[in-house]
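A.B. asks: Residue numbers (the UniProt record's numbering), protein chains in the order written: chain A, 1 to 186; chain B, 1 to 182.
Incorrect hints may appear among the rest.
What the hints assert, rightly or not - Subject to a maximum C-alpha distance of 20 angstroms in a straight line, what follows is the list of computed EDC-like cross-link-like pairs (lysine to aspartate or glutamate):
| # | chain 1 | residue 1 | chain 2 | residue 2 |
| --- | --- | --- | --- | --- |
| 1 | A | 45 | B | 120 |
| 2 | B | 42 | A | 60 |
| 3 | A | 93 | A | 70 |
| 4 | A | 93 | B | 33 |
| 5 | B | 42 | A | 62 |
| 6 | A | 48 | B | 49 |
| 7 | B | 92 | A | 113 |
| 8 | B | 26 | A | 100 |
| 9 | B | 97 | A | 36 |
| 10 | A | 93 | B | 110 |
| 11 | B | 93 | A | 113 |
| 12 | A | 15 | A | 49 |
| 13 | B | 42 | B | 8 |
| 14 | A | 93 | B | 67 |
| 15 | B | 92 | A | 36 |
| 16 | A | 93 | A | 104 |
| 17 | B | 90 | A | 113 |
| 18 | A | 96 | A | 116 |
| 19 | B | 26 | A | 116 |
| 20 | A | 96 | B | 67 |
| 21 | B | 45 | A | 52 |
| 22 | B | 45 | A | 56 |
| 23 | B | 90 | A | 36 |
| 24 | B | 97 | B | 110 |
| 25 | B | 93 | A | 36 |
| 26 | B | 93 | A | 109 |
| 27 | A | 29 | A | 166 |
Claimed, not checked - Between beta-carbon pairs, the in silico distance windows are:
| # | chain 1 | residue 1 | chain 2 | residue 2 | range |
| --- | --- | --- | --- | --- | --- |
| 28 | B | 90 | A | 183 | 25 to 31 angstroms |
| 29 | B | 146 | A | 94 | 32 to 38 angstroms |
| 30 | B | 16 | A | 55 | 24 to 30 angstroms |
Unchecked claim - Okay, the calculated bits of chain A under chain B, using three or more residues with CB under 8 angstroms as the criterion:
| # | region |
| --- | --- |
| 31 | 18-28 |
| 32 | 31-42 |
| 33 | 47-53 |
| 34 | 79-92 |
| 35 | 97-107 |
These are calculated hints, taken from the structure and not from any lab test.
Glycine residues also receive a C-beta, built at the ideal position from the N, C-alpha and C atoms.
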Amino acid sequence: MFAAENGLKGDPRLKGISDSITVVPHFPKPGIMFQDITTLVSNPKAFKDTIDIFVDRYRDMDISVVAGVEARGFMFAPTIALAIGAKFIPLRKPGKLPGEVISEAYELEYGKDRLEMHVGAVQRGERALVIDDLVATGGTLSAATRLLERVGAEVVECACVIGLPEVKGRCRLGGKPLYMLVEPRQ
Amino acid sequence: MSVCKEDDPRIDGIQSRIRVVPNFPKPGIMFQDITTLLLDPKAFKDTIDLFVERYKSKNITVVAGIEARGFIFGPPIALAIGAKFVPLRKPKKLPGKVFREEYDLEYGSDCLEMHVGAVESGERALVVDDLIATGGTLCAAMNLLERAGAEVVECACVIEIPDLKGRDRLKGKPLFVLVESQ
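With the rest of the complex left out, here is chain A:
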């Protein structure tokens, strides 16, 4: 679900956040209208508003784990974790995390990729969020959810700044609630 449908209708911060995102046509390949959040994170007010909206939503939900997807999820998740007193768990591309990891495959448009998480980072029964900058097909978020569930955590919600049309109208992803702040800019 989008923030505007869930208590934040008309909230002026949402327009500011949307306006701060830059659309880059035909990146990384022709036909893709890339939603570039670097102009959001370089806008202190828009960035702060983004974090505040997530923190206000999650601070009283007894969340003890905030997992962020490499690399753009790393720009949002740690600050949310700090503000709500939760651990931050990086979910990374293969081979980046040292020590023992578990790994989950997911589909790309062409081919497959994998996401890894440290063994022992998350305990059974912990309540977790998954954060990324954008959700398109939901493949990455689903892989992230599976990693957390494999170690016995409860994924309370997946949250992204931007939700693409593939997920418009959906409140859940793989059985988990999905929360997004804005739709893509044209």
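Chain A is already provided as a structure; the job is to place chain B on it using the hints.
C.D. replies: Just chain B now, kept in the frame of chain A:
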């Protein structure tokens, strides 16, 4: 002061949460793993607070973080001091026009990129990463910022490996770290 005061009571907690993983990513390297620090909300908060306390009155307008672990520490610092966060990325990740800076590795070379227009001439910048080893990546980061006309005020890292003398590769710019490691 280029290394955080050892008697700050928060430093012990931070140092003790860093995990050393031997022979990663290759034999002979003692990898300084900060992910265990991030699992301790108090130690992670203390880490950010120590940087914020140092920089909040220094008129910093840009915090540049080096992909990917610099993306974990840079944004919370930027937000707390009211600065922009600018990601410095591996090649081809940033869309649009970029500055590109090559730097040497032990074997071969790598590249760091920054958006053209992310930083304006005259801005005061910090460079943030989790760790400084040889200083090659930080030096490339500084070059990117200076090419855009920014003034690099300081480089800030959680961990320094002093034996690798990265501090000497920063073109005379100061380095601030919280802990030293062997």
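A.B. asks: Compare the structure with each hint and give your call.
C.D. replies: Evaluated hints:
1. Taking the CA atoms of residue 45(A) and residue 120(B), the gap is near 18 angstroms; set against the 20 angstroms cutoff, the hint holds.
2. With a C-alpha separation of about 18 angstroms, the suggested pairing of residue 42(B) with residue 60(A) holds against the 20 angstroms cut-off.
3. Using a Cα cut-off of 20 angstroms, the hinted pair residue 93(A) and residue 70(A) holds, with the two alpha carbons roughly 7 angstroms apart.
4. Our distance criterion of 20 angstroms between C-alpha atoms is met by residue 93(A) and residue 33(B), whose separation comes to about 16 angstroms.
5. For a cut-off of 20 angstroms, the pair hint linking residue 42(B) to residue 62(A) stands: about 17 angstroms separates their Cα positions.
6. This hinted pair checks out: residue 48(A) and residue 49(B) have alpha carbons roughly 17 angstroms apart, not beyond 20 angstroms.
7. Proposed proximity of residue 92(B) and residue 113(A) is supported: the alpha carbons are some 18 angstroms apart, at most 20 angstroms.
8. Distance hint between residue 26(B) and residue 100(A) is fulfilled; the C-alpha atoms sit about 15 angstroms from each other, no more than 20 angstroms.
9. At roughly 13 angstroms between alpha-carbon atoms, residue 97(B) and residue 36(A) fall within 20 angstroms of each other, so this suggested pair holds.
10. Proximity of residue 93(A) to residue 110(B) is assessed by CA-CA distance (about 18 angstroms); at most 20 angstroms being required, the pair is judged to hold.
11. Distance hint between residue 93(B) and residue 113(A) is fulfilled; the C-alpha atoms sit about 17 angstroms from each other, no more than 20 angstroms.
12. Taking the CA atoms of residue 15(A) and residue 49(A), the gap is about 11 angstroms. The hint holds against a cut of 20 angstroms.
13. Restraint check: the Cα-Cα separation between residue 42(B) and residue 8(B) comes to about 15 angstroms, which is no more than 20 angstroms; the hinted pair holds.
14. Between residue 93(A) and residue 67(B) the CA atoms are separated by roughly 13 angstroms; this keeps the pair inside 20 angstroms, and the hint holds.
15. The straight-line distance between the Cα atoms of residue 92(B) and residue 36(A) is roughly 13 angstroms, inside the 20 angstroms bound, and the hint therefore holds.
16. Restraint check for residue 93(A) and residue 104(A): satisfied, since their Cα atoms lie roughly 10 angstroms apart, inside the 20 angstroms limit.
17. Among the hinted pairs, residue 90(B) with residue 113(A) is consistent with the structure: their alpha-carbon atoms are about 18 angstroms apart, no more than 20 angstroms.
18. Between residue 96(A) and residue 116(A), the direct Cα distance comes to roughly 8 angstroms. Compliance with the 20 angstroms bound is thereby established for this hinted pair.
19. Proximity of residue 26(B) to residue 116(A) is assessed by CA-CA distance (about 19 angstroms); at most 20 angstroms being required, the pair is judged to hold.
20. Simply put, residue 96(A) and residue 67(B) have alpha-carbon atoms about 12 angstroms apart, close enough for the 20 angstroms limit, and the pair holds.
21. Simply put, residue 45(B) and residue 52(A) have alpha-carbon atoms about 17 angstroms apart, close enough for the 20 angstroms limit, and the pair holds.
22. Between residue 45(B) and residue 56(A) the alpha-carbon distance is near 19 angstroms, which keeps this suggested pair within the 20 angstroms criterion.
23. Our distance criterion of 20 angstroms between C-alpha atoms is met by residue 90(B) and residue 36(A), whose separation comes to about 16 angstroms.
24. For the suggested pair residue 97(B) and residue 110(B), the alpha carbons sit about 19 angstroms apart, so the restraint of at most 20 angstroms is met.
25. Between residue 93(B) and residue 36(A) the alpha-carbon distance is near 10 angstroms, which keeps this suggested pair within the 20 angstroms criterion.
26. Distance check on the hinted pair: residue 93(B) and residue 109(A) sit about 17 angstroms apart at the alpha-carbon level, within 20 angstroms; holds.
27. About 18 angstroms separates the Cα atoms of residue 29(A) and residue 166(A), which keeps this hinted pair within 20 angstroms; it holds.
28. Checked against the hint of 25 to 31 angstroms, the pair residue 90(B) and residue 183(A) passes, with Cβ atoms roughly 29 angstroms apart.
29. Checking the proposed 32 to 38 angstroms range against residue 146(B) and residue 94(A) shows it holds: the Cβ atoms sit about 34 angstroms from each other.
30. Distance hint check for residue 16(B) and residue 55(A): the Cβ-Cβ separation is about 28 angstroms, which falls inside the suggested range of 24 to 30 angstroms.
31. With 4 residues carrying a beta carbon less than 8 angstroms from a beta carbon of chain B, the region 18-28 of chain A meets the three-residue requirement, and the given coverage holds.
32. Only when three residues or more bring their CB closer than 8 angstroms to a CB of chain B does the claim for the region 31-42 of chain A stand; here the count is 5, and the claim holds.
33. Remark: the region 47-53 of chain A is confirmed as covered by chain B, as 3 of its residues place a Cβ nearer than 8 angstroms to a Cβ of that chain, reaching the required three.
34. Counting residues of the region 79-92 of chain A whose C-beta lies closer than 8 angstroms to any C-beta of chain B gives 10; at least three are required, and the coverage claim holds.
35. Counting residues of the region 97-107 of chain A whose C-beta lies closer than 8 angstroms to any C-beta of chain B gives 3; at least three are required, and the coverage claim holds.
Checked against the numbered hints above, the structure breaks none of them.
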